[in-house]
Amino acid sequence: MVEWLKLVDKARSRSIWMLMYCTGCGAMELPPAMTSRFDMERFGIMPMATPRQADVILVTGYVTKKTLKRIIYAYEQMPAPKWVVSHGSCPINGGVYWDSHATVNRLDLFLPVDLYVAGCMPRAEANMKMFTELMDMIAKGEARGWEEYVKNRDYYKENQRKLFGYDLVFTDGRSAL
Amino acid sequence: MNTATVVGTASMGAKFLGALVLTLKVLIYLFLMVMIGLFLMGIYRKFTARVQYRVGPPIWQPYIDVIKLLSKKDAATKNWVFDLGVIMGLGGPLALLLFLPLDTIVGLNFHTKGDLILILYLAVVGPLGFALAASVGASPWGAIGVGRALSMMLGYELPFILGLLAVVAKDGTLLLQKVSAAQSMWNPAGWHYFQWPLILAAIGAHIALQGVMSEKPFDQAIAPHEIASGIMVEFGGKYLGMMLLMKAASLMAELGLFAVFFLGGTTAWDTIVKIFALFIIAISFDAVLGRFRPDQAFTVLWKWPTIIALLGLLLTVFA
Ligand code: SF4
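Chains as they are written, first to last, in this note's numbering: chain D, 1 to 177; chain V, 1001 to 1319.
Honestly, the hints are just simulated from the structure, not real lab data.
A quick note: this is a predicted structure, and the numbers were derived from the prediction, not measured.
You can take every hint at face value.
Pair by pair, the computed Cβ-Cβ distance ranges are: (1) D/151 to V/1081: 33 to 43 angstroms; (2) V/1081 to D/142: 33 to 43 angstroms; (3) V/1194 to D/25: 55 to 65 angstroms.
We put the beta carbon where it would ideally sit given N, CA and C, even for glycine.
In isolation and in its complexed conformation, chain D is listed as follows (with noise of 0.2 angstroms):
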């Protein structure tokens, strides 16, 4: 079983698809590392279309209030195991939105993050570093965010209600989880 266990973790590192929510200008490093030049897809890293079929949600940039609420809708609706990915300096202290009214200034407040990739932006030899790093993580069995997530929801959700002022819910009445 434990054998078994760690193979099922093996695929899943060498098979990541993620959802790119691209927020912000730190997207813009990434097709550098998706074409010839790094090609990330030698990893089985791929980008997916939709959070159904994602393993990974990259938040590449600042985080608005607004686009919090979306990013945490499509994160509830990836099936776990799941892994978030904060992109840059925005997601990770504010950047240079620190100030501003509309944005929030740390994302895994909200949302477990399981790794993080500081720079403005990062290069596109920090996110290989990145994906090799998440790789290894997966593999060992080291990032478990998806599970703080269903452990400490009271906490996580009572951080949403304090910025958003009500409960997230599925618009078809199912509590998000």
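Mind docking chain V with the ligand on chain D? Use the hints.
Here is chain V with the ligand on its own, set in the frame of chain D:
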């Protein structure tokens, strides 16, 4: 206990054992076919990457993807129709595979019963199943994808069936076994593909085959950059894994059918070789072509392949 009952139970036991062996053989056969189909998809990804001047994923990448998808923890289902649609989608191509001569690989002989009418009915079960599931999914992108998939189906079925009908008219049989018996196995001159006037029907059907496999330029239904992967938009986790398996099985089924009708596929091994050859041709076009708009694709499919295949059919029947 008299002897009659003993004989009765013995033959019951033998029958049961026979049924068990048959079931096992069918399962092994379908498993093998899906594995070969996944291998084809691995070739596809490597090939496309090399054309784009990239290293590309390892050739066993689709196996890793399937393991990952099937090991996902939650499955976002809608209702039982959604599940049923997915099962239909996987079952259709698997059932179709049973009636192709590929089944000699484990010594089955269902293919002797395979005829064109049955196969044409089974061929639409898979796409219809997934269209059903996608429309239950209630995503607007899914609805657009279903609309495109069904209109494309109308587009490519006509030239494809016209091409197959020309072969039927030439050989005077609907049975797949007799169609392959009318050709030679390895000598290309004995294939329907290179015989006048059947070559016209073959070319028409071959262009339509690109649509049957939904490779470019006819991949409107799953256009990821336009409509967020269309009919696949609501499929995640295990459902997406099933969809990959369905894609693998239907690749084998569609290419196998073409190989039997035009390239003299008679046994499992030569058919598999021909499937690989056909697939390489298909993905070479896929790698360098763009995507038609849905209306353009429909017009193209009902114009050129249809006219060519119809010409082939008419020349076969009347000349
Ligand atoms: S971190 Fe820099 S590059 Fe990234 S979104 Fe903020 S300002 Fe733009």
